[in-house]
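Chemist: Heads up: the protein sequence lines correspond to chains Y and S, in order.
In terms of this note's numbering, the first sequence opens at residue 50 and continues consecutively.
In terms of this note's numbering, the second sequence opens at residue 9 and continues consecutively.
For the chain Y half of the interface with chain S, some residues (derived, Cβ under 8 angstroms), not all of them: (1) Ile-166; (2) Ser-214; (3) Lys-218; (4) Leu-425; (5) Asn-444; (6) Ala-496.
Source of the hints: derived by calculation from the structure; they are not laboratory data.
We put the CB at the ideal spot given by N, CA and C, even for glycine.
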Amino acid sequence: MRLSELVEQGLDSGAAVVLASHASSTNCRIANNTVTTSGSEESSSAACAAISGDRVAVRAADVQAASEVTRLAEQAASGVASSPPAPDAMPLLGPLEAASQRGGAPLVEDEGISAVITDLEGALEASRREGLELYAYVQSSSQIELLGTRTGVRLHAGRTTGSLSMTLKTKDHLGSVWTGGMARSLKDLDAARMYSRLVARLGWTRRRVELPPGQYEVILEPSAVADMLIRLGWEMHARGADEGRTVFATGGGSRVGEQMYSPEVTLESDPGDPEMPSADFVRTARSSEYSSIFDNGLAAPRASWIERGVQQDLICPRRWAADHHHPVKADAENLVMRGSDTSLEQMISTSKRCLLVTSLWYIRDVDPSSLLLTGLTRDGLFLIENGEVVGAVNNFRFNESPVRVLARTSEIGRAELALSREMGDAVYVKAPSLRVDGFFMSSASEAI
Amino acid sequence: MPEIDPTFLELPLDVLADSAVAAMSTIPDLEYGDIRVHRDLIQAIHVREHDLVSLSEFEPRGFGVRLVVDGSFGFAASSELSASAVAAAVKRAVGMARELRPLLAERYELAEEPPHRATWVSPYSLNPLAVANEEKVGLMLDACEAALAAGARFAEFYTLQVQENRFFVSTEGSRILQQRVRLHPVLEVGIPDEEGGGLVETMRSSSRPVGRGFEYFIEHDFKGEAPELVELLREKLAAPTVVPGPRDLVLDPSNLWLTIHESVAHGTELDRALGYEANFAGTTFATPDLVGSLHYGSPLMHVTGDRVEPFGLATVGYDDEGVSSQRWDIIREGVLVGYQLNRQMAKRFDQPRSNGCAFSDSFSHVPLQRMPNVCLQPDPEHDTTLAELLSQVDEGIYIWGDKSWSIDQQRFNFQFTGQRFYRIHKGRLAGQLRDVAYQSRTPDFWGHMAGIGGRSSWRLEGAMNCGKGQPEQVAPVSHGCPPALFRQINVLNVRSEAR
Numbered sequence: 050m051r052l053s054e055l056v057e058q059g060l061d062s063g064a065a066v067v068l069a070s071h072a073s074s075t076n077c078r079i080a081n082n083t084v085t086t087s088g089s090e091e092s093s094s095a096a097c098a099a100i101s102g103d104r105v106a107v108r109a110a111d112v113q114a115a116s117e118v119t120r121l122a123e124q125a126a127s128g129v130a131s132s133p134p135a136p137d138a139m140p141l142l143g144p145l146e147a148a149s150q151r152g153g154a155p156l157v158e159d160e161g162i163s164a165v166i167t168d169l170e171g172a173l174e175a176s177r178r179e180g181l182e183l184y185a186y187v188q189s190s191s192q193i194e195l196l197g198t199r200t201g202v203r204l205h206a207g208r209t210t211g212s213l214s215m216t217l218k219t220k221d222h223l224g225s226v227w228t229g230g231m232a233r234s235l236k237d238l239d240a241a242r243m244y245s246r247l248v249a250r251l252g253w254t255r256r257r258v259e260l261p262p263g264q265y266e267v268i269l270e271p272s273a274v275a276d277m278l279i280r281l282g283w284e285m286h287a288r289g290a291d292e293g294r295t296v297f298a299t300g301g302g303s304r305v306g307e308q309m310y311s312p313e314v315t316l317e318s319d320p321g322d323p324e325m326p327s328a329d330f331v332r333t334a335r336s337s338e339y340s341s342i343f344d345n346g347l348a349a350p351r352a353s354w355i356e357r358g359v360q361q362d363l364i365c366p367r368r369w370a371a372d373h374h375h376p377v378k379a380d381a382e383n384l385v386m387r388g389s390d391t392s393l394e395q396m397i398s399t400s401k402r403c404l405l406v407t408s409l410w411y412i413r414d415v416d417p418s419s420l421l422l423t424g425l426t427r428d429g430l431f432l433i434e435n436g437e438v439v440g441a442v443n444n445f446r447f448n449e450s451p452v453r454v455l456a457r458t459s460e461i462g463r464a465e466l467a468l469s470r471e472m473g474d475a476v477y478v479k480a481p482s483l484r485v486d487g488f489f490m491s492s493a494s495e496a497i
Numbered sequence: 009m010p011e012i013d014p015t016f017l018e019l020p021l022d023v024l025a026d027s028a029v030a031a032m033s034t035i036p037d038l039e040y041g042d043i044r045v046h047r048d049l050i051q052a053i054h055v056r057e058h059d060l061v062s063l064s065e066f067e068p069r070g071f072g073v074r075l076v077v078d079g080s081f082g083f084a085a086s087s088e089l090s091a092s093a094v095a096a097a098v099k100r101a102v103g104m105a106r107e108l109r110p111l112l113a114e115r116y117e118l119a120e121e122p123p124h125r126a127t128w129v130s131p132y133s134l135n136p137l138a139v140a141n142e143e144k145v146g147l148m149l150d151a152c153e154a155a156l157a158a159g160a161r162f163a164e165f166y167t168l169q170v171q172e173n174r175f176f177v178s179t180e181g182s183r184i185l186q187q188r189v190r191l192h193p194v195l196e197v198g199i200p201d202e203e204g205g206g207l208v209e210t211m212r213s214s215s216r217p218v219g220r221g222f223e224y225f226i227e228h229d230f231k232g233e234a235p236e237l238v239e240l241l242r243e244k245l246a247a248p249t250v251v252p253g254p255r256d257l258v259l260d261p262s263n264l265w266l267t268i269h270e271s272v273a274h275g276t277e278l279d280r281a282l283g284y285e286a287n288f289a290g291t292t293f294a295t296p297d298l299v300g301s302l303h304y305g306s307p308l309m310h311v312t313g314d315r316v317e318p319f320g321l322a323t324v325g326y327d328d329e330g331v332s333s334q335r336w337d338i339i340r341e342g343v344l345v346g347y348q349l350n351r352q353m354a355k356r357f358d359q360p361r362s363n364g365c366a367f368s369d370s371f372s373h374v375p376l377q378r379m380p381n382v383c384l385q386p387d388p389e390h391d392t393t394l395a396e397l398l399s400q401v402d403e404g405i406y407i408w409g410d411k412s413w414s415i416d417q418q419r420f421n422f423q424f425t426g427q428r429f430y431r432i433h434k435g436r437l438a439g440q441l442r443d444v445a446y447q448s449r450t451p452d453f454w455g456h457m458a459g460i461g462g463r464s465s466w467r468l469e470g471a472m473n474c475g476k477g478q479p480e481q482v483a484p485v486s487h488g489c490p491p492a493l494f495r496q497i498n499v500l501n502v503r504s505e506a507r
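Between the sequences and the hints, there should be enough to build the whole structure, so can you do that?
Modeler: And the structure:
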């Protein structure tokens, strides 16, 4: 069943908005130098929204036949009359007001994980031979979505992603290092090179250095930066600022236009980035602070969130924008922090004494007013002295805010596609390494 | 007694099962195979102040086939409920198992389990999915209106409701039909903190996620609780900020459950202990060589695992490998004595049988060893009350409700906050405090447990969204506990941490 048939069936059955998707993925997990599980899945789903005046009702399900979409559309239609008025109601966009279709039909076939099997086998053999322990996860996935509205909007979006993460441990578990990467295709990831990097880093753990909690100059590697940027991005909605609920609020207004960060910091979203192309239009089956079901099809072009350290406009759906005199700003699906030409190796070589942070873990909000987060360093915290890594440091719990991190950024490295340790490949982030002054490691963790 | 939803039985369950067993029967080196058919009915309602923000209904459904071929694991899933889709999935699963066979260093083996042919439905009076949306939205709006009338600037209400149906058939002869419901209604009120620059401070209702029907929502009386919450939040905003340092803590079950979840329940998952989660969720300090000798905490500590606790979020008749539900000891008199097991872990741990901890959150995911209900048992000898625990504290803090939580990948260093914090002065509550977090190391924290409440103070709390695995899966789980007293735990001031 083609997605276009599902969409047209839903619209013919009375739905105002239909969003149909097909997803497939393949994965494999490795632990203790052996494969533990693998999986291959595919699914098709559809969401139908009935809209009557300012009322809306939505039903969604996994589907395999057009008749099931009819059922969803009919259920939505029967629910709309009893729904209260929607606070975000707006006229649906027409084809001329909505985004334009960019490019041709997207690539949507899941390529599977065969592209890295040989390299993984090589890494496993090497790990066993060298008396080490390899843990890994590889995933290939694809998704195509088609949006249709009764006002004539027809837009499709497709995305393929390959991601690979690996942890390498010494047999005594006193040394543990992690790396991860993501790309449009697993073919673009070099698993053998990633393994070699881990072996080199595991060598750094031969000398262990115990350090106390405190404020440290750190170099955050791209994965750690990605986690901070994702958390910051979640707060960047106009409603939260207007209502005094986020770090972007002041007593009586928002901090848009304020120099909140270091002048070196520029953060954008770019759906056209060739390394991480994303949909450039809104498609949603649920309204929130980030998007409105009435905004389906709204253009989500390249956006600037932070420009030279100054906070730019926040995400704002049409209704909230109209009622509160803000520019409309669609939510975006990738984050790009502008980098420099400086490599991580150069940043290390120019460091007098600082910590190198590979990845962060178990990050949670502590205080929304400052966006204070807590979390831990994990699988690769190293001490740099006089331009060289001199040993592995005990892990720390940190209590830090992404806002403070970006305000105290003193050097920015080369940007690359970064795999968030916590969020995986759900979010595309291009992040550089950052040198940050006074990063607060609040307590020591003996976890390795 | 509720019965299996007939709309689930209308799916071609037997066709799918027969197709899977037939396709697997043609694999010469098949050692094991099963098929799970899932259908969930999920409804999420979000109300704010005077408006319905969203009402989402989603019905994910499909099947997953799992098999073992020559010691190699294979799994494939599809949302297409047809015999041909099953045959194709079995072929894909076999293909992956064979492709990955050269990478194996260890055979995938399962502990024995007798076949079961059964139907199980969780107890509830009112299926939340059967209640009219107008009624649910109306009750939620009423509670928000009551909060606003009491002076809240913001009032927000989320209700998540799930009906979960599963059909499991294995090549060993099991054939199991199940249904359970769960819901989590939560009201949150907000007031600007004028002292704190006008930014909003919030407080949540005392409701918790439960394996019950909509009767729980009705019994809770959110409309009645709303003005009380607003008043409590006002008190909190006017309260003094905490002075950091070591403090005696009395933790209410509404707070302690999450500390149990993170520091004990995740710490006693055998797959973690054996490294299966080392690349993602992490490992644990409670390694198998320490069973019988590791002093996890004070001798007052008796922790059980179960999948049978009435209204528990992890309670089922049978797990996702067809193992019947059980109850067992994990920590007895403060010493580690057991683990959570699925059939693969049981085999690796030389146990005769799994204790039924396999769970998959979707037809499209592999069942993993997931957490059962993990509960701290009450004082067996005396029905100690909260007041009696408080009376043992000269100067300390009583913490109610959960909020922020974080723990390291070996389950040592953790940090938690809460909804409300009360100063304990000379054995009595002496007004609220604010900005409190506590941070500790798991064995130290549990080793400092100096008092524990009795049976009457024991409460079942829990979470709908425990995360683990790659691809990541979420699982509902309950934790029962009484209030407990902990001596000299490190308290932080979150405001000063942010400076």
